[in-house]
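**Q** Each chain, letter by letter, is given below.
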Amino acid sequence: DTEVTQTPKHLVMGMTNKKSLKCEQHMGHRAMYWYKQKAKKPPELMFVYSYEKLSINESVPSRFSPECPNSSLLNLHLHALQPEDSALYLCASTHPAAINSPLHFGNGTRLTVT
Amino acid sequence: RKEVEQDPGPFNVPEGATVAFNCTYSNSASQSFFWYRQDCRKEPKLLMSVYSSGNEDGRFTAQLNRASQYISLLIRDSKLSDSATYLCVVNPNNNNDMRFGAGTRLTVKP
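Line order of the protein sequences matches chains A and B. What the first sequence shows, in our numbering, is residues 1 to 114, in sequence order. What the second sequence shows, in our numbering, is residues 1 to 110, in sequence order.
Calculated directly from the structure, the hints in this document are not laboratory data. Misleading hints may appear alongside valid ones.
Okay, the calculated beta carbon distance ranges per label pair [said to hold, decoys possible]:
{"#": "1", "chain 1": "B", "residue 1": "P14", "chain 2": "A", "residue 2": "S65", "range": "44 to 52 Å"}
{"#": "2", "chain 1": "B", "residue 1": "R105", "chain 2": "A", "residue 2": "E58", "range": "38 to 46 Å"}
{"#": "3", "chain 1": "B", "residue 1": "R59", "chain 2": "A", "residue 2": "P8", "range": "30 to 38 Å"}
To list a few chain A residues with every Cβ distance to chain B over 10 Å, as calculated [stated by the list, open to error]:
{"#": "4", "residue": "V12"}
{"#": "5", "residue": "K19"}
{"#": "6", "residue": "G28"}
{"#": "7", "residue": "P61"}
{"#": "8", "residue": "E67"}
{"#": "9", "residue": "L73"}
{"#": "10", "residue": "N75"}
{"#": "11", "residue": "P83"}
{"#": "12", "residue": "H104"}
{"#": "13", "residue": "V113"}
Heads up, the beta-carbon is just placed ideally off N, CA and C, and yes, glycines get one too.
Can you make the complete structure from the sequences, with help from the hints?
**A** Rendered as structure tokens:
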């Protein structure tokens, strides 16, 4: 069982659709992350929120829009995606700026853009 | 130079073998280091944190070499169930910026 919950597990969307990925954790972590992972590649950092403020944006295209409504929730809003955006999207959380505090991952959302 | 570099392998070893992976990092000020295991189509799971003095958990030993800026993972007496991708994670700037190495694919064969 994972302590970070992601929904949905699978998502198929067209290039004109708008959808959202959701992530929730109740471990009291104040840093939350979105990673994108393509097949046979490592997770690639997209966004980091620290104390509900966006602290890292890895030059992600604006068709991906993150949101952190509160300390337990993290959303990723998707609009006008391209087929190459198909990937596993992983949410993670940790204690911010705490040495040796590891990332805890959700199960991920497997996204297919048609 | 990439912030975190890792030999992607693959490593194919027989059961019972000892295998070691290394991961180099570019920022000498990095403070946080981890090894994760990822099975096919699953999320990464924490295998172990890497402490300055080195640490061991059963068949797994992690070490940090600050002088040469690398971390290592040693797996002794490999089991079939150890087959997975092993990913190193470094916080290169000590600011929540957690970066993955490329991952090393390990296959343990009977």
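**Q** Each hint needs a verdict: does it hold in this structure or not?
**A** Hint-by-hint comparison with the structure:
A hinted range of 44 to 52 Å holds for the C-beta pair P14 (chain B) and S65 (chain A), which are about 49 Å apart. Between R105 (chain B) and E58 (chain A) the beta carbon distance is about 25 Å. The supplied range of 38 to 46 Å is therefore violated. For R59 (chain B) and P8 (chain A), the Cβ-Cβ distance of about 37 Å falls inside the hinted range of 30 to 38 Å, so the restraint holds. Every beta carbon of chain B lies more than 10 Å from that of V12 (chain A), the smallest distance being close to 16 Å; the non-interface claim holds.
Interface exclusion of K19 (chain A) from chain B stands, the closest Cβ pair being 20 Å apart, more than 10 Å. Every C-beta of chain B lies more than 10 Å from that of G28 (chain A), the closest at about 15 Å, which supports listing it as non-interface. Chain B leaves P61 (chain A) outside its interface by the beta-carbon criterion, the shortest separation being 20 Å against a cut-off of 10 Å. Here E67 (chain A) stays apart from chain B, with its beta-carbon at least about 18 Å from theirs, past the 10 Å limit.
Every CB of chain B lies more than 10 Å from the CB of L73 (chain A), the least distance being 18 Å, so the non-interface label holds. Every Cβ of chain B is farther than 10 Å from the Cβ of N75 (chain A); the closest lies at roughly 18 Å, confirming the non-interface assignment. For P83 (chain A), the requirement that its beta carbon stay farther than 10 Å from each beta carbon of chain B is met, with the minimum near 20 Å. Under the 10 Å C-beta cut-off, the non-interface status given to H104 (chain A) relative to chain B is violated; the minimum distance is some 8 Å.
The Cβ of V113 (chain A) sits about 18 Å from the closest Cβ of chain B, beyond the 10 Å cut-off, so the non-interface label holds.
Hint compliance for this structure: hints 2 and 12 are broken, all remaining hints hold.
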